[in-house]
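With these hints in hand, go ahead and build the complete structure from the sequences.
So the sequence lines, in the order shown, correspond to chains A and B.
Quick note on numbering: this note's numbering labels position 4 of the first sequence as 4, and the sequence is numbered without any gaps.
Quick note on numbering: this note's numbering labels position 10 of the second sequence as 1010, and the sequence is numbered without any gaps.
Honestly, the hints are just simulated from the structure, not real lab data.
Owing to the predicted nature of the structure, the values given are computational and were not obtained by experimental measurement.
Worth double-checking, as some hints may not be accurate.
[Stated by the list, open to error] With a straight-line Cα cutoff of 27 angstroms, these simulated DSS-like cross-link-like pairs (lysine-lysine) come out:
id	chain 1	residue 1	chain 2	residue 2
1	A	Lys-440	B	Lys-1121
2	A	Lys-385	B	Lys-1097
3	B	Lys-1014	B	Lys-1303
4	B	Lys-1162	A	Lys-382
5	A	Lys-378	B	Lys-1121
6	B	Lys-1164	A	Lys-385
7	A	Lys-437	B	Lys-1082
8	B	Lys-1097	B	Lys-1045
9	B	Lys-1120	A	Lys-378
10	B	Lys-1082	B	Lys-1014
11	B	Lys-1082	A	Lys-382
12	B	Lys-1303	A	Lys-385
13	A	Lys-437	B	Lys-1086
[Claimed, not checked] Which stretches of chain A does chain B cover? Using the computed rule of at least three CB atoms under 8 angstroms from a CB of chain B, they are:
id	stretch
14	36–44
15	179–187
16	266–277
Cβ coordinates follow ideal geometry from the N, Cα and C atoms, glycine included.
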Amino acid sequence: MSLTPEYLKEERNQEWRAELRSKTKNKDRMLISRVKMPELAPEIRVKYQDREVNMGLEPSQAQTEATRCMDCANPTCIEGCPVNINIPKFIKYIEKGEILNAAATLKETNALPAVCGRVCPQEKQCEARCFYVDKLDKQAVAIGHLERFAADFERNSGVSNIPETAKPNGIKVATVGSGPASLSFAGDMVKYGYDVTVFEALHEIGGVLKYGIPEFRLPNSVVDFELENLRKMGVKFETNYIVGRTSSFDDLKAEGYKGFFVASGAGLPRFMEIPGENYNGILSSNEYLTRVNLMGASTSNTDTPVLRGKNVAVIGGGNTAMDSVRTALRLGADRAIIVYRRSEAEMPARIEEVHHAKEEGVEFMTLCNPLEYFADEKGRVKRMKLNRMGLGEPDASGRRRPMPIDGSEFELDVDLVVVAVGVSPNPLVPSCLPDLKVTKWGTIVVDEEKMQSSIPDMFAGGDIVRGGATVILAMGDGRKAAENMHKYLQNID
Amino acid sequence: MTNLNVKYLGLDLKNPIIAGSCGLTNSIENLKAIEEAGAGAVILKSIFEEEIYLEFAHEFSKLGPMDNNLEFLDYYDYQIKKDNLKRYLSLIQEAKKELSIPVIASINCVTAHEWGFFAKKVEDAGADAIELNMFILPSNLSQTSQDNESMYFDIVSRIASKIKIPISLKISSYFSNLGGVIRDLSFTEIKGLVLFNKFYSPDVDINQQKIVGSDVLSHNNDYKLSLRWIGMMANRVNSDLSASTGIHDWQTVVKMLLVGATTVQVVSALYQDGFPVLTDMIQNLEKWMQENGYTSIADFKGKLSMDNSTNPAEFERVQFMRTFEEYK
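Below is the structure:
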């Protein structure tokens, strides 16, 4: 669905919207303070891996927050949303008390609203473009909280609104991977009438939503509900299926697939290549979080346990590092420490995640960088050596460059280290397609407008194109790819 | 018969002329051509910490769809470093397979810790020796000269503790007591000292009134600082001395050997005249030796060093004063 200015104007001029606007004066709307998301107390939540920190808004809170939105004539917030949610419309439905309509509005362009309401960095996207921020220097309308509220309301109501789909056109398309880019693509393609199959290498659908994000931020049940909606729309799912191994692209073409969307993610962990990094007890955040999130390693009766530590250091300053360090606390660490080579101001993690981590007792050892690890006689890490860092001139990222301070080395006792310094794209698909252009980073080269790769019937998006995207950017890729694959397939037929 | 063999860092070289570390010693094709031109040894291009940051900046500048993705890029310099080091180790392995002359790896050091770890990998990849290129401009105002010197001894000691292959150390002349530092460094674990490395020098464009870069390559008159210090330190140190910067022709090679260098390192001339300049240097060195009745390098190496000189003052400033007095 394309949200043209004309369409938005037409919708805004509908009677119910105009009536709602006239009901409360803008100056009164501006007097309302931004709602605060209710949270589970840190001392309680830190005991549970699967209890959500953010508890969601009460209906009255949501309605009050929705009233803050002034239903702008030029809703810049939409420009900040990679999947183009009709933000004022869904918020005004909440103000009006028609929450199911709000949820239906979200689903017009977003296949995973309950997910996005929880994990999107709205403060950098839609909320950053809100009128309150742009013009009034005030806190934005809590768009993310409201999105979550509407999606949760629908899920809890037992009424699931399944978006309309076009008449099936019988054309088979495949998507590789089942993370947010794939699911978004699948949702849009099935709406266009395609026969969509999602191929997932693991035993669970959801990709990074399941293996990468802990349940205290995104419960698996929330993801499952959204997946069920896609199933009801007609999307098919194949698990334990590795495209490129279980069958090749040629095999799938022979089975009648006409278009492919590759969203196989960035599942290759990176390490720092420093001495001692191969000792037992030092693992990647991928392994750590996958074992806990997807393989039940936090439970006592698991066949696939994960090493637990009392003194846990997590290397890195992104959301994955925050997820890992908070998981370590929940798994019983006495000390869970973030070791980051820049200062807190330069951390890529969401401010909310840093705040939650601090509330829970995570220690932040900023301006420190590991140099070497030492092990006990059994080869298990027992200590690490670190350097203190200063900040030099700004580097290419615009942040001040970390510089080692001579003679500042010190040691720290640790018995578990989780390395969360980024991931690389999954190399499997590029490695089995010699004609597929990839960058030196291992990401697939696409036309940025169309998401089309060097192989015409192959489109790509998400981490395999961006290297490591946010959920919502990946979903935006999926939508863009769907729109353009649809055009491509219509034209060749 | 004229014998050009020398022993440098304990390695047998068929002649004292080494292709120094530079961009040209970064590919197997060039390395083979350098061997064919007759070089006694080759020093691979240095891996610079600074280069890794520049590449990081370059990658950042062409992000495209990867913008807004700091988490992916936050530690990307480590990835670049890993890729560079991997390529470097492959180059060493391939060079060792393809060349019969000694292959010396070069590491640019600012910090000792991780480069020590890397030095071990360089050794495992088969390098015959490692040249540590201490490319440090002592411009930190809060550091004393003692701090600056200590850094060198610290890095040498740490890297030497990790490897068994010989180490040479390439230094600048920026020390408050250069002679003492050269002597003391020669008594550490290193087997050779390279005098001196050439820094990028700023210049001023007076028309645009801004700082610009000056010549990257040396000139054929730039060898005199090295000549002086090799001449002054020969026989007073516990390591080989290798001359670097300004070695553009066979005459300069002969001069350096006469004042006490064990080897010379040629770089800028390779860029300006191509690899045949090495052949020319070797042939003319041999011819000069024959004309002067020398059968081996040892016959004349260090003959004009300060230690062997009947007039040591020739290497010192008094000579400079005397020269100017003549103009009165």
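Here is what the structure says about each hint:
no.	hint	in the structure
1	Lys-440(A) - Lys-1121(B)	24 angstroms, holds
2	Lys-385(A) - Lys-1097(B)	37 angstroms, violated
3	Lys-1014(B) - Lys-1303(B)	21 angstroms, holds
4	Lys-1162(B) - Lys-382(A)	22 angstroms, holds
5	Lys-378(A) - Lys-1121(B)	24 angstroms, holds
6	Lys-1164(B) - Lys-385(A)	24 angstroms, holds
7	Lys-437(A) - Lys-1082(B)	23 angstroms, holds
8	Lys-1097(B) - Lys-1045(B)	18 angstroms, holds
9	Lys-1120(B) - Lys-378(A)	23 angstroms, holds
10	Lys-1082(B) - Lys-1014(B)	35 angstroms, violated
11	Lys-1082(B) - Lys-382(A)	25 angstroms, holds
12	Lys-1303(B) - Lys-385(A)	50 angstroms, violated
13	Lys-437(A) - Lys-1086(B)	23 angstroms, holds
14	36–44	violated (count 0)
15	179–187	violated (count 0)
16	266–277	holds (count 6)
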